[in-house]
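*Asks:* What follows is each chain in one-letter form.
Number of protein chains: 2
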Amino acid sequence: MTTESDARDELIDLAADFYDQFAAGKIPEMTLPTRTKSNIEYDEASGVWTYGDRTSTRSANSVRGARKLLKAAYTIEFLANQLDDDRSSTLRELYYLSESWDNDEAQFKSQDESNDLVEDLEIVTGVTREDFHMRPEESGAKVMGPLEIREQTNRGDREIHCQLDVGQGGYQIPNNPDTIEFLDNDAEFVLCVETGGMRDRLVENGFDEAHDALVVHLGGQPARATRRLTKRFRDELDLPVVVFTDGDPWSYRIYGSVAYGSIKSAHLSKYLATPEARFIGIQPEDIVEYDLPSDPLSDSDINALESELEDPRFQTDYWEEQIELQLDIGKKSEQQSLASRGLDFVTDTYLPERLGEMGVL
Amino acid sequence: MTTESDARDELIDLAADFYDQFAAGKIPEMTLPTRTKSNIEYDEASGVWTYGDRTSTRSANSVRGARKLLKAAYTIEFLANQLDDDRSSTLRELYYLSESWDNDEAQFKSQDESNDLVEDLEIVTGVTREDFHMRPEESGAKVMGPLEIREQTNRGDREIHCQLDVGQGGYQIPNNPDTIEFLDNDAEFVLCVETGGMRDRLVENGFDEAHDALVVHLGGQPARATRRLTKRFRDELDLPVVVFTDGDPWSYRIYGSVAYGSIKSAHLSKYLATPEARFIGIQPEDIVEYDLPSDPLSDSDINALESELEDPRFQTDYWEEQIELQLDIGKKSEQQSLASRGLDFVTDTYLPERLGEMGVL
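These protein sequence lines are chains A and B, in that order.
No gaps in the numbering here: position 230 of the first sequence is 230 in full-length UniProt numbering, and each next residue is one more.
No gaps in the numbering here: position 78 of the second sequence is 78 in full-length UniProt numbering, and each next residue is one more.
Because the hints were derived from the structure by calculation, they are not lab data.
Note that beta-carbon positions come from the ideal geometry of N, C-alpha and C, so glycine has one too.
Accuracy of the hints is not assured; some may be wrong.
[As the list claims (entries may be wrong)] Sample of chain A residues facing chain B (criterion: CB under 8 Å; computed from the structure):
no.	residue
1	A23
2	A24
3	K26
4	P28
5	R87
6	L97
7	E137
8	T153
9	I160
10	Q172
11	P174
12	Y290
13	D295
14	P296
15	L297
16	Q336
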């Protein structure tokens with residue numbers, strides 16, 4: 001976690017670099033890791049995606065390059081002022097806001113351009129977007145469980161117990177979960193859940209109370225805020241993390257983004273990914289063992305499974321066995337298909353059995 | 001709002017009807033409004049979509065019809081037990097759960113079938129799905145503003161002030177907002193906001209505090225829970241409701257679903273739609289007046305606008321003028337484009353001006 005003044009210092013240092021290069025009579029430039037797929041590596045040691053050694057240089061020796069550095073300088077000034085004023089903004093606001101800048105050449109022509117520049121600044125400074133006070137468009141999901149937090153909001157601190165002080169919907173994760181301080185907890189583990197329907201089932205059945213679980217709703221492909229908070233639960237509270245999704249290749253990718261990070265945000269893996277996170281199910285093995293209602297795999301499911309077999313993140317004995325089994329049986333099952341054994345089967349039988357096997361319970 | 005025992009009674013009445021028909025030696029049947037587009041009418045008086053007078057009969061005089069009534073009977077039993085036990089479930093769980101029923105013929109073959117049956121039961125009994133304790137898959141969005149509520153959760157009542165007791169993310173609307181009781185409020189009006197980025201801007205700028213607004217995040221096409229709560233704000237707290245979206249035809253439909261209901265849920269318009277809700281912007285007029293950054297209309301935008309001109313919900317002088325203007329200028333603007341005038345423009349200038357024109361402030 002970077003403080004606001006650290007983030008500001010990193011930005012100012014970058015602008016100072018441009019200045020020093022000018023002062024020394026050099027053409028200013030900025031060096032970045034090359035952001036192509038071929039320069040992204042799965043780091044075995046840390047278990048997440050990172051950039052390789054290749055770098056690219058943005059130099060002011062062309063009009064195009066000079067314009068990029070000009071835009072970077074204006075953006076740095078905007079972000080430094082925003083941090084000074086303790087304000088925040090979204091990527092989309094930055095794009096529109098550039099229309100008010102006094103130099104037409106500094107204005108962004110598309111939102112892709114401003115998004116990419118902010119990613120560049122994250123990479124060069126080692127500071128995350130959230131610490132620049134750039135809010136994501138999508139908010140995080142919600143948490144229910146035996147945890148008391150203090151959230152620093154822009155209208156004062158709020159102390160919230162994530163079971164006793166919230167409604168059935170739980171505690172809404174703020175855009176920047178680094179504003180949260182963990183005060184007290186009785187949690188034994190973290191259970192990240194893909195679908196809203198299953199999240200609501202676990203809460204209705206009191207699973208978080210019965211097993212001292214922090215139930216985190218992922219809501220499909222999880223937002224940055226949700227992934228960041230999950231990582232903090234692991235690192236700061238030393239809790240095991242398990243991920244509970246549908247049993248199909250798209251859901252394994254959701255697990256992958258929680259555990260290993262994504263290619264797009266490889267520079268953020270250390271901040272967002274939880275390599276210790278384990279997959280609880282629905283496993284292809286479960287489809288067989290519990291005789292779950294299933295649908296046949298479609299062609300695109302089969303292609304996705306085959307491409308996962310080639311993906312270094314899934315090249316473990318466990319995943320190879322499960323994926324081969326799934327291709328073999330040709331079936332997929334949703335997590336809510338456990339309801340075919342009754343509404344309490346998931347909380348009374350399935351999850352306790354799986355958590356026992358995994359050594360979590 | 002129907003109580004649980006009312007909902008149960010309505011279901012049992014329906015089953016009793018089948019029984020009485022059998023007892024009288026008649027072939028049992030169930031009569032429903034015809035659910036085709038041609039039997040849906042815009043009701044000028046109430047300002048929402050409703051079914052017309054045509055009805056269809058489901059009779060057990062064919063195997064197909066008999067099977068439908070059998071499924072209805074099993075579903076009624078499941079729902080009545082669920083209400084007795086004070087449990088709830090999702091539509092998807094109902095579909096899977098039917099696999100555990102002792103009669104194969106009663107089991108659903110697809111989720112469409114079980115979804116349709118629950119809609120039929122809503123229509124015939126006049127009870128909403130939420131009152132059967134069928135939870136939607138998608139949860140509602142969130143509220144921030146000067147309102148204190150009591151939510152009845154399945155683990156006890158929670159009293160929550162939607163500014164003082166919540167984090168920056170606000171109060172998470174539960175799946176069934178009829179579990180909420182309004183305790184106290186200083187609210188002057190309700191502002192429903194399409195995008196998360198704009199919702200966060202308003203909260204960061206303290207718009208809810210400065211103007212005693214209940215800021216409701218819609219999050220794109222709003223969930224049933226969000227629409228229901230908005231309607232309750234209007235009806236029970238007597239608050240004006242305004243809807244703030246992007247300035248394009250897809251966003252006008254979001255406004256339409258809040259204000260007039262949708263064709264798909266015409267039987268629920270009285271429960272979900274807020275015909276008094278007014279559109280605050282982005283108006284095509286605003287794109288011109290505030291010289292907002294814009295994108296050209298695409299062909300599909302133009303088609304959507306033209307079809308809105310044919311839509312009875314939009315056949316008012318106001319909408320005809322705005323839509324004609326938009327087709328004329330050929331532009332659309334996002335709500336966040338107001339940031340081109342600075343991050344405070346929306347809360348210091350745009351919204352106060354528009355609310356003044358509309359007589360809300």
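*Asks:* Decide, hint by hint, whether the structure agrees.
*Replies:* Structure-based check of each hint:
With its C-beta approaching chain B no nearer than about 33 Å, A/A23 sits outside the 8 Å limit, and its interface hint is violated. At a threshold of 8 Å, the smallest CB-CB gap from A/A24 to chain B is about 36 Å, leaving the interface hint violated. Because the closest C-beta pair between A/K26 and chain B is about 35 Å apart, greater than 8 Å, the hint is violated. Among the interface hints, the one on A/P28 is violated; its C-beta lies about 28 Å from the nearest C-beta in chain B, farther than the 8 Å criterion.
A hinted interface residue such as A/R87 counts as satisfied when its beta carbon comes closer than 8 Å to some beta carbon of chain B; here the least separation is about 7 Å, so the hint holds. Given hint, A/L97 at the interface with chain B, holds; its Cβ is 5 Å from that chain's nearest Cβ, closer than 8 Å. The beta carbon of A/E137 comes within 5 Å of a beta carbon in chain B, closer than 8 Å, and the hint placing it at the interface holds. A distance limit of 8 Å between C-beta atoms decides the matter here; for A/T153 the minimum to chain B is near 4 Å, and the interface restraint holds.
Proximity of A/I160 to chain B holds as hinted, the smallest CB-CB distance being about 6 Å (cut-off 8 Å). With a cut of 8 Å, the hint placing A/Q172 at the interface with chain B holds, because the nearest CB-to-CB distance is about 3 Å. Here the hint on A/P174 is kept, as its CB sits about 4 Å from the closest CB of chain B, short of 8 Å. At a threshold of 8 Å, the smallest CB-CB gap from A/Y290 to chain B is about 12 Å, leaving the interface hint violated.
Below 8 Å, beta-carbon pairs count as interface contacts, and A/D295 has none with chain B, the closest being about 10 Å; its hint is therefore violated. The beta carbon of A/P296 comes no nearer than 14 Å to any beta carbon in chain B, farther than 8 Å, and the hint placing it at the interface is violated. For A/L297, the suggested interface contact is broken, since its CB lies about 18 Å from the closest CB of chain B, more than 8 Å. Annotation: interface hint on A/Q336 holds; nearest CB of chain B at approximately 5 Å, less than 8 Å.
Consistency with the previously given hints fails for numbers 1, 2, 3, 4, 12, 13, 14 and 15, ordered from lowest to highest.
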